[in-house]
Amino acid sequence: MDSVDSVDAHIVRPARPPGSTDAAACVTALYEAHASGLIRLAVIMLGSRPAAEDVVQDAFFGLYRNWASLSDPAKALAYVRSSVLNGCRAALRLQIRRERRDRATASDPRPDFESAEALVVLGEEHRQVLLAVRRLPDRQREALVLRFYFGLSEEDTAGAMGISRGTVKSSLSRALASLGRMLKEES
Amino acid sequence: MTAVEDRTRAAMDAITGLVERVPPLPLPPPPGAVPGRRRRVPLPRRRWGAWLAPVTAAAAVVAIAIALVVVRDMPGGQPTATPGPVTAAAGLPGYEVALNQSWTDTTTPVGLTLTATLTGQKLFTLLPPRGLSFAGITGAADDRTFVVDAHRDPYGVEGSAGRSRAWYLVRIVGAGARASLTMRKLPIPTTPVGTGISAIALSPDGTMLAVASEAVSDNPDEQQLLRVYSVATGAVLHTWSSPADQFPPIDDSHSYGGDPTSTVAWVGDRALAFNQGTRIKSGGVTLAVKVIDLSRPDGDLQGSSRTEATLPAPSLQDSPAPFGCSWFWGDVMVSGDGKSYVCGGSGTSGAQLPKLYCLKQPTWNTLGFAAISLATGKLTRILSGYRTGCSGDNVRAYPVWVNATGSAVIGYMIFGDKTSARFGVFTAGSFRPLPYPVAGNSYQYSGGSLLDMVAW
Numbered sequence: 001m002d003s004v005d006s007v008d009a010h011i012v013r014p015a016r017p018p019g020s021t022d023a024a025a026c027v028t029a030l031y032e033a034h035a036s037g038l039i040r041l042a043v044i045m046l047g048s049r050p051a052a053e054d055v056v057q058d059a060f061f062g063l064y065r066n067w068a069s070l071s072d073p074a075k076a077l078a079y080v081r082s083s084v085l086n087g088c089r090a091a092l093r094l095q096i097r098r099e100r101r102d103r104a105t106a107s108d109p110r111p112d113f114e115s116a117e118a119l120v121v122l123g124e125e126h127r128q129v130l131l132a133v134r135r136l137p138d139r140q141r142e143a144l145v146l147r148f149y150f151g152l153s154e155e156d157t158a159g160a161m162g163i164s165r166g167t168v169k170s171s172l173s174r175a176l177a178s179l180g181r182m183l184k185e186e187s
Numbered sequence: 001m002t003a004v005e006d007r008t009r010a011a012m013d014a015i016t017g018l019v020e021r022v023p024p025l026p027l028p029p030p031p032g033a034v035p036g037r038r039r040r041v042p043l044p045r046r047r048w049g050a051w052l053a054p055v056t057a058a059a060a061v062v063a064i065a066i067a068l069v070v071v072r073d074m075p076g077g078q079p080t081a082t083p084g085p086v087t088a089a090a091g092l093p094g095y096e097v098a099l100n101q102s103w104t105d106t107t108t109p110v111g112l113t114l115t116a117t118l119t120g121q122k123l124f125t126l127l128p129p130r131g132l133s134f135a136g137i138t139g140a141a142d143d144r145t146f147v148v149d150a151h152r153d154p155y156g157v158e159g160s161a162g163r164s165r166a167w168y169l170v171r172i173v174g175a176g177a178r179a180s181l182t183m184r185k186l187p188i189p190t191t192p193v194g195t196g197i198s199a200i201a202l203s204p205d206g207t208m209l210a211v212a213s214e215a216v217s218d219n220p221d222e223q224q225l226l227r228v229y230s231v232a233t234g235a236v237l238h239t240w241s242s243p244a245d246q247f248p249p250i251d252d253s254h255s256y257g258g259d260p261t262s263t264v265a266w267v268g269d270r271a272l273a274f275n276q277g278t279r280i281k282s283g284g285v286t287l288a289v290k291v292i293d294l295s296r297p298d299g300d301l302q303g304s305s306r307t308e309a310t311l312p313a314p315s316l317q318d319s320p321a322p323f324g325c326s327w328f329w330g331d332v333m334v335s336g337d338g339k340s341y342v343c344g345g346s347g348t349s350g351a352q353l354p355k356l357y358c359l360k361q362p363t364w365n366t367l368g369f370a371a372i373s374l375a376t377g378k379l380t381r382i383l384s385g386y387r388t389g390c391s392g393d394n395v396r397a398y399p400v401w402v403n404a405t406g407s408a409v410i411g412y413m414i415f416g417d418k419t420s421a422r423f424g425v426f427t428a429g430s431f432r433p434l435p436y437p438v439a440g441n442s443y444q445y446s447g448g449s450l451l452d453m454v455a456w
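In order, the protein sequences belong to chains R and A. Per the working numbering, the very first residue in the first sequence carries number 1; after that it's consecutive. Per the working numbering, the very first residue in the second sequence carries number 1; after that it's consecutive.
A couple of the hints might just be wrong.
Simulated coverage check for chain R against chain A, where a stretch passes if three residues somewhere in it have a Cβ under 8 Å from a Cβ of chain A [stated by the list, open to error]:
(1) 24-31
(2) 36-48
(3) 140-153
(4) 173-183
If you are wondering where the hints come from, they were derived from the structure by calculation, not from laboratory data. Beta carbons are placed, not taken as given, at the ideal position from N, Cα and C, and that holds for glycine.
Could you build all of it, start to finish, from the sequences and the hints given here?
Shown next as C-alpha cells:
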C-alpha cells in the first residue's frame, strides 16, 4: 500500500506545464500513482468496490476535462481527492435513495456494508470496526478516513472537506467517541 | 493513541489488501476532438480479482477486438444519432440558469450563472446575498423568471442538515449577450432550521411556488409536507401532508446543500404532479403518476390526489421487459400543455431508434424518453432514444426540460460505460448535443437529477 506518509509525497508533477497538450499523460500518471489509495478510501466510505472504482474514475475524468483550467498542477491530487469525496457523497445519496425505494416498495433491501463482497475477506474484528465507521455521520467518517487512513494533516483534511480545522478536530473527536460507544455495545 | 484509534487505523489498513489492482482509466477524447478520429479506448473493467487467469485475459482481448470491429461498423465510430436540426418551433429555452458550484472548491459561496442554452456562452454571474449560498432553483415557463433558495453553508458540510432557507425571485433582464439577472427577496417565510427541502417547483405563470419538505430526523414516521406559496405575498395557499416515504422520492440532499426540484411538477397552473412507486402482487413495481388539483381540500395528500397513469417500472436487471419509466430515478416532467407526462425509461420497444453499441450484454434494450398521456394514462410514444445493449444501474435517461407539446426534451443519457453519455436536445429521430450546464461535475455518475442545479 502507499504508506500513509507517502500519499502526499506522490503528487505527480506533470512533465509539462498546464495548458500543454498532454493532459491525458499527466492525468494517467496521476491515476496510476494514486488510484489504488483513492479507491481504498472510497471503499471505506461506500463499502462497495465497484462503486468505489466508479467514483474514483469519475474524479479523474473530471480532472481530465478541467485540466486546462487547473491553475496549479501541483494541486491536482488535492482536487481529485475532493472530487472523490464529493463523488462518495453523491453515491451515498444514491444508496439512500435506493434504500428509500426499497422501503417504499417493500422490496428486499440491497445488501448493506456487512454483506458487501468488499469486506468478506476481512477478519471479524476489522469488519466490525469498519461497519461502525460506516454508521458514522458522513462528515465524521470523512474526517476519520482522511486523517487516519490518508494521513492528511488537519489543514489538508479541512481543505479537502471544505470545513475549518476546528471542525475537523471536533468531528474527529466525536467520531472516536461514537466509535468507542458502538464497539463497546457490540463487544 | 487510544485503543479505538488503534483499532480504527488497523481496520482501515486492512482494506489495503482488497485493492491490489486498479481498472484502467479510459479517458474520453479531448474536448473538440473530431468525430471519427476519436481515440478508441478500452471499456473499463469494473471488477478485478487476483484470480484473473491468462484464459480470462485472452477472452478479454478477444472481446475488445470484437468491440473494435463493431465500433468500426458505425459511421465515424459514432452512434448513428447524428446532430439534427432543432428549430425554434421546438420552443427551446434560450437561457439556462445554473448554480455555479465548483467541483474543487467547497467553501466559496454558490452563485448563479446565466448561460445561453445552445452555445454555452456565459452571460452573467449573480453572487448570492452576503453570507449565503444558493441551494436550489426552479423556473417558470417564460424562461425569464426563477425562484431560488439560499442558506448559509455552501455545501452543507457545516451546521445541521436542515438549514434555514430564504427565498429569492431571480429574473432575466435584457436579451442576447447583454442579458443579466436581477434578484429580490421574496416574502415567503424562511424555513425553520431542521427542515429538509425535498422539491421546489415554480408554476408556469410564475405566481406560485410549490415546496415539498420534511423534518430532518431519524423518525421514520415524519410527515412530508407539500405547500404552495404565493410568490407575490408569501402566503401559504395550500398545505398537504403524507407519511414519510409515501411521497417518493424525497432525496436526502439536504445533507450536502443541493435542493432537488425533481419530485414535483406543475400541470398547467392549477395542479401538481408527483410520482409514486407501488409494489404489486406479482412482485414488480408500478409507477403511479399522481396529480393533485389546487381545488382539492388541504390535508391528506394521498386522499386529495388522483392517479392519472399507472405504468410498469421495470428493473434494468430484469431485461427484457416492456418499456417503462424509471420512476424512482426520473424527474417528474409534464409538457407545457399539461397533456403529457414525460419520463426517462428503458425496456423493450418497437420504436425505430438508432443503435448505440455497448457490449455488456448482447440483448438490445431501448433507453429513451417517453410520453404518457395524462388523459388516458397510456404510454403514447417513445420520443427519442437509443437501442442499446448496455444495462445496469448506471444506464439511465433523465429528462430535465420538455417543451409545450412534449416533442422535444432536454435531457441526458448515461450508458454505464463513461464514454458515451450525452446531454442535449432529443427530438424524434435526432439528437443535438448541448454544452453541459454544470461545470465539473460528472453527470455520468449522477445518481439523480440535474434539476437541483439548473433551470430553464
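How the hints compare with the structure:
1. Residue count for the region 24-31 of chain R with a Cβ under 8 Å from a Cβ of chain A: 4. That meets the three needed, and the coverage hint holds.
2. Look at the region 36-48 of chain R against chain A: 5 of its residues bring a Cβ nearer than 8 Å to a Cβ of that chain, three or more, so the hint holds.
3. For the region 140-153 of chain R, the proposed coverage by chain A is satisfied: 4 residues have a C-beta within less than 8 Å of a C-beta in that chain, meeting the threshold of three.
4. Figure legend: the region 173-183 of chain R, annotated as covered by chain A; annotation consistent (4 residues with Cβ-Cβ distances under 8 Å, at least 3 required).
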